[in-house]
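Chemist: One-letter residues, chain by chain:
Number of protein chains: 4
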Amino acid sequence: MKTQEKTPPRTTSDDRAAMKALVYRGPGKPSWEERPRPRLRASTDAIVRVTTTTICGSDLHILKGDVPEVVPGRILGHEGVGIVVEKGEGVGGFKVGEKVLISCITSCALCPPCRKGMYSHCEKGGWILGCVIDGTQAEYVRIPYADTSLYKIPAGFDEAALTMLSDILPTGYEAGVLNGGVAPGSTVAIVGAGPVGLAALLTAQFYSPDKIIMIDPDQNRVQAARSLGATHGLSTGGDSVAPAVRELTDGRGVDVAIEAVGASATFLLCQDIVAPGGTIANIGVHGKSVELHLEKLWSRNIRITTRLVDTATTPQLLKAVESKRLKPELLVTHRFGFDEMLKAYETFGDAAREKALKVVVSTRPGPGAA
Amino acid sequence: MKTQEKTPPRTTSDDRAAMKALVYRGPGKPSWEERPRPRLRASTDAIVRVTTTTICGSDLHILKGDVPEVVPGRILGHEGVGIVVEKGEGVGGFKVGEKVLISCITSCALCPPCRKGMYSHCEKGGWILGCVIDGTQAEYVRIPYADTSLYKIPAGFDEAALTMLSDILPTGYEAGVLNGGVAPGSTVAIVGAGPVGLAALLTAQFYSPDKIIMIDPDQNRVQAARSLGATHGLSTGGDSVAPAVRELTDGRGVDVAIEAVGASATFLLCQDIVAPGGTIANIGVHGKSVELHLEKLWSRNIRITTRLVDTATTPQLLKAVESKRLKPELLVTHRFGFDEMLKAYETFGDAAREKALKVVVSTRPGPGAA
Amino acid sequence: MKTQEKTPPRTTSDDRAAMKALVYRGPGKPSWEERPRPRLRASTDAIVRVTTTTICGSDLHILKGDVPEVVPGRILGHEGVGIVVEKGEGVGGFKVGEKVLISCITSCALCPPCRKGMYSHCEKGGWILGCVIDGTQAEYVRIPYADTSLYKIPAGFDEAALTMLSDILPTGYEAGVLNGGVAPGSTVAIVGAGPVGLAALLTAQFYSPDKIIMIDPDQNRVQAARSLGATHGLSTGGDSVAPAVRELTDGRGVDVAIEAVGASATFLLCQDIVAPGGTIANIGVHGKSVELHLEKLWSRNIRITTRLVDTATTPQLLKAVESKRLKPELLVTHRFGFDEMLKAYETFGDAAREKALKVVVSTRPGPGAA
Amino acid sequence: MKTQEKTPPRTTSDDRAAMKALVYRGPGKPSWEERPRPRLRASTDAIVRVTTTTICGSDLHILKGDVPEVVPGRILGHEGVGIVVEKGEGVGGFKVGEKVLISCITSCALCPPCRKGMYSHCEKGGWILGCVIDGTQAEYVRIPYADTSLYKIPAGFDEAALTMLSDILPTGYEAGVLNGGVAPGSTVAIVGAGPVGLAALLTAQFYSPDKIIMIDPDQNRVQAARSLGATHGLSTGGDSVAPAVRELTDGRGVDVAIEAVGASATFLLCQDIVAPGGTIANIGVHGKSVELHLEKLWSRNIRITTRLVDTATTPQLLKAVESKRLKPELLVTHRFGFDEMLKAYETFGDAAREKALKVVVSTRPGPGAA
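Protein chains in written order, with the working numbering: chain A, 503 to 872; chain B, 503 to 872; chain F, 503 to 872; chain V, 503 to 872.
Okay, chain A solo, but in the shape it has when bound (with noise of 0.2 Å):
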């Protein structure tokens, strides 16, 4: 559907139009290499240069191989800030040298989806960047539709904090939080406290929900989410989880059960826990079919949604960073120079070991920078 990029040849001539940038280079293989800059294509692009990017649990999968739109040759990365350097005559809404947030989904706002606010599916972009072209983390990047796939940011903030709002906070919000529709009083569980589960985490109590159950196996991860506003935490694993949460609800569930995985077990740990007239909110990506027990579920009112992030949200989560309602800074644990790319792959591909929650990059990760 979406159109693939073709990969420009390995080297260039010309030393000012080279970059360094994280190629994928088959399964297994991510590659730290020079590139050639990005050059406008379209009257609506604009070229960025990236001052900090991170890395996705995505990334990851594709460096499995497990996302087949990837071909080798793609530079990775949909997540990051930087600083217009040029742009084509059609983009209005930046000047060349603003500050930019990059979204992670590219919106042409003209056809129908975008129209109706489901930027995801926009027919000619969508979750594209470091996927059928080229991505973030390089030190160039061409931002297509610009107009509405940048941001302009707050001044005076921390650039590694807002990298946050590139994915995984609207991530969290989207699909999580308004998607499961947490209201003032509801009951929530999040099962997964990875950087996603924790952004719903972070999000949810925009709504002033009653409880908020944060569910993994991971101890660690658990305590942090106590400290980012969790009202309970379950680290105990297997069948002890679901009698856990009845009895934190009066035995009834929950409202809203987010599952932030994309794994089975997790899914069908969500079914048994939401409540009659729930929602079951799925941010997770899932690499395989689940197990939908309608036997029971057909009776009992309940709702499953799922959603690729739309990002239509970003304008009101700069807003709550700007007035320090959201501190997405929370969520940052490693930081690391653009020359440390791979040494940051293999923190953040080792997350429990090392602690890791997002890990950044960026240009000047000398003290104070990020």
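I should point out that these hints are in silico values taken from the structure, not numbers from a laboratory. This one's a predicted model, so the numbers in the text were calculated from it and none came from an experiment. We put the beta carbon where it would ideally sit given N, CA and C, even for glycine. A hint or two may mislead.
20 Å max Cα-Cα, derived SDA-like pairs, lysine to any residue [to be verified]: (1) K790/B x A858/A; (2) K618/B x E625/V; (3) K821/F x P656/F; (4) K829/F x G731/B; (5) K713/F x P817/B; (6) K829/B x K713/F; (7) K618/A x D712/B; (8) K626/A x E507/A; (9) K531/F x G851/F; (10) K857/B x L832/B; (11) K857/V x G731/V; (12) K626/F x D752/V; (13) K508/B x M521/B; (14) K798/F x G789/V; (15) K618/A x G683/B; (16) K508/V x G528/V; (17) K821/B x T751/F; (18) K508/B x V573/B.
If you want the footprint, here are the derived chain B segments under chain F, 3+ residues with CB under 8 Å [said to hold, decoys possible]: (19) 706 to 712; (20) 818 to 825.
Dock chains B, F and V against chain A, hints included.
Modeler: Only chains B, F and V this time, still in chain A's reference frame:
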């Protein structure tokens, strides 16, 4: 959860206190036999003399032994129209002698689910008639919480038609149309052209969707659906259905896929034909789990809903009958007398061959009576 | 706020670059005169040769001098159908030679209000055609942001009918029906049976309300409304209307009262007839303030809405025309040629006597043409 | 509409059947006098011994003679906490001896408005306490439809604080916050920092709006509002307020303007400061009509709402008190004993000078009691 009503002794010495009823005597054993008339047990009860009742697909399930809550000795039936013959002092909304519609859902009006309009999960009621307490396939029935479980009916309307409002019309409307979010301009597919699927078809038209595609292997039923307002019908089986639906929807799939069968294959079909941003509204009663292709659906922004009918829309549906916007009589294909109850079961049990949709059973089956 | 387009000199030496247009020359002075054809000014503009246009009530207001934004020299008109004859390089959605519907609302698609679907408040567009830039009552018109301000039209449909979709049908639908929350079973009153009131009447029927009571002092219009689907009509004036509405609604009043006049008396009537929990949806263009009886309404749980049409529903309305669920041609009473533009104004200006609803003006007015 | 309860003779011979009550003896004449204790009149009634009550702004209105439904002899008061001392056999939800919150709204649960959740317009209840039947400013009160007009209260919480949930907190929340559609990121202005405006302020924070601008001429109250969570306060009067609000909102105005005064000037101010697409949520009790500037607002896509509190959110608010997300005790400034009832009225009647928000009256006013 719900308390089982004890079955009274099979016979009674007082003839005036006896009645005939369809009693479940174990799997495969319906029995048309004499039983004592029901009596008031609580001040909020009413006794209704049933003048018309009907048979539901779930009655057939019970007779197969598929519904463990139903114990031998239970009078079946949860649909009907009748006349109030006795009432407790706490019943203020109806008079003795008044003709009423019996809702398949008993609602106490006071518990938290009832206060939220989710009568199906009433803490003291819900689906209890013909399930854990004696039902409507009898000359008399006791209705608990009569004030909020009975509805006044408009004078001069066909009782058989009104009986369709006890269960199948609110079921098709609430679980299919409302949960599905059918709206002006929507494309809708209804999988299964049985009584409930056709009830969804009739009530979907309240919202003027752009297309309603009826899908059923039985060509007769598809034909019936076309005459009831379906814009398209598909009776081809198997793998050719999904491509045909896509062709009818410019390759997008449907905005709303309504599952009105309760089987694995039909639920899978709904997953195949739902458009990004769309809804699968399950009405079907499922006996086992189904496969959910989250590996495809996680990113498609869809919604899956389930619902046991609340009958919260019964007043609206009654008004629609009165104004002739809704013609439930179109669903009634066979009419029997009370003494033909077992024959009615046989006919409904062999619906495809008999070309039966809904069969009604009435006390006065003479010409022009129903 | 919106920038006024400068008016070019009245004549032009190049005949091929000239056209005829209806120009506002000050209060009471419409002029059918020669003007230079419009040219592209931005890459997102298109030039459309107008084949059918129509006159709106607001054009009459302008001619009375009631709309100060409109300066002498302005070409009027914000409705029409035509053919794209030229387009900027930034216009990707249409081809030269394609037939299009012109929306009365210009939408840039990129600004925050556009991203929320509130195109009426587009920071660069909104209602500008025939107001602050030259409009459609001319042989040619320049359409800014063509990709999101023009719509493809279905082949084989009456142009005059489609012209009703430029303004009045989305206005009646969005400001009246959608803002009013018309729903299956609702009782609706529409105050004012002019073109926009009738547009609300036609589109209210998408939702199968229980009753639609049309109120207008002109008995002819009420009669027309009855034939277009109103279930009741009231042409009695003054104090007898509110009691009559209450009688039709069991003393409750209506769920939705749609004001389609723009006057004090009709807005007061809406306050009198709205039921507790109901909505007053204002469509009318008001020239002065009205009295709001909050001393009665503060406790009645009502909602009052206003809206400048967004034309966000235009694609849906086009589909409804295509499927013949909506028949806009029913609103067209008079058809004129372009050279009869002033006569068309006269007829529309004396609508009651002429029994005129909408008058259309077309380049090819011969028999069978429109 | 509502039936007036007859007032019993002033004295009684049986001492054990007597009680003290605040009786309305005509305009300007509150009287603290002896009255017979109330008795059960219907099986759904309960008798509650009032342990804490409070005075509402509407009580002051009644005493001015502004509320014609209230006849001399009526015991005032519609707020309170107490203990069930007697109940009809139809009351199943409460036990004698149980501590309860009295809702200011009586709801039968069975009528159509109650079934829709609009208890304020209950056909048999609504606001009747201290209005058309005797109220809570007495040692005992009869509560009709006790099952759905009383609420269980969490143990160990300050009774005075809980009394805020009888009326003002659900009023501010339902009529202001929910009707206003306050959402994460909203800009909100609350006009009027009296008890109900502050109740709106406390509950608006459930939704994490971006800004809450509190507007009141009384600098003390604005100061109090700041300490309760308002992000901005404006105590400047007259024409400077609207410009100040626009300056705080980038010239747009607010998304939600909450009117919490009930006067013409404040309602006009709301019209001045609401942004296009925004909402004016009226809470104020208005004594006369106001001017509505439809000549400006007709095209601004706004919504105006009114609401008599339904107290449908009381269970949610009780949970919020329990989890300490809501601290109603912050609204209580003065505490009196029952025998100081008239003094409490005096204090509340001179609220500005006394710096009074809510005054509570309790049976056990000793230290630590309330």
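Chemist: Keeping to a limit of 20 Å between CA atoms, is the pair of K798/F and G789/V held or broken?
Modeler: 8 Å, holds
Chemist: Decide if the proposed pair is consistent with the structure: K713/F and P817/B, CA atoms, cutoff 20 Å inclusive.
Modeler: 15 Å, holds
Chemist: Between the alpha carbons of K531/F and G851/F, is the straight-line distance 20 Å or under?
Modeler: 13 Å, holds
Chemist: Are K626/A and E507/A close enough, with their CA atoms no more than 20 Å apart?
Modeler: 13 Å, holds
Chemist: Verify the proposed pairing of K626/F with D752/V, using a straight-line Cα cut of 20 Å.
Modeler: 17 Å, holds
Chemist: For K508/V and G528/V, compute the direct alpha-carbon distance and say whether it is at most 20 Å.
Modeler: 16 Å, holds
Chemist: Would the pair K821/B and T751/F pass a check requiring their Cα atoms to be no farther apart than 20 Å?
Modeler: Judged against 20 Å, a Cα distance of about 12 Å means the pair holds.
Chemist: For the pair supplied as a hint, K857/B and L832/B, is the alpha-carbon distance within the 20 Å limit?
Modeler: 13 Å, holds
Chemist: Just to be careful, I want the Cα atoms of K790/B and A858/A compared with a cutoff of 20 Å; is the pair within it?
Modeler: Judged against 20 Å, a Cα distance of about 41 Å means the pair is violated.
Chemist: Next pair to validate is K829/B with K713/F; report whether the Cα-Cα distance is within 20 Å.
Modeler: Satisfied, since the Cα-Cα distance of roughly 17 Å is no more than 20 Å.
Chemist: Against the 20 Å threshold, does the CA-CA distance of K508/B and V573/B hold or violate the hint?
Modeler: 10 Å, holds
Chemist: Establish whether the coverage given for the region 706 to 712 of chain B by chain F is satisfied; the threshold is a Cβ-Cβ distance below 8 Å, and no fewer than three residues must meet it.
Modeler: holds (count 5)
Taken one by one, the earlier hints fail for this structure only at number 1.
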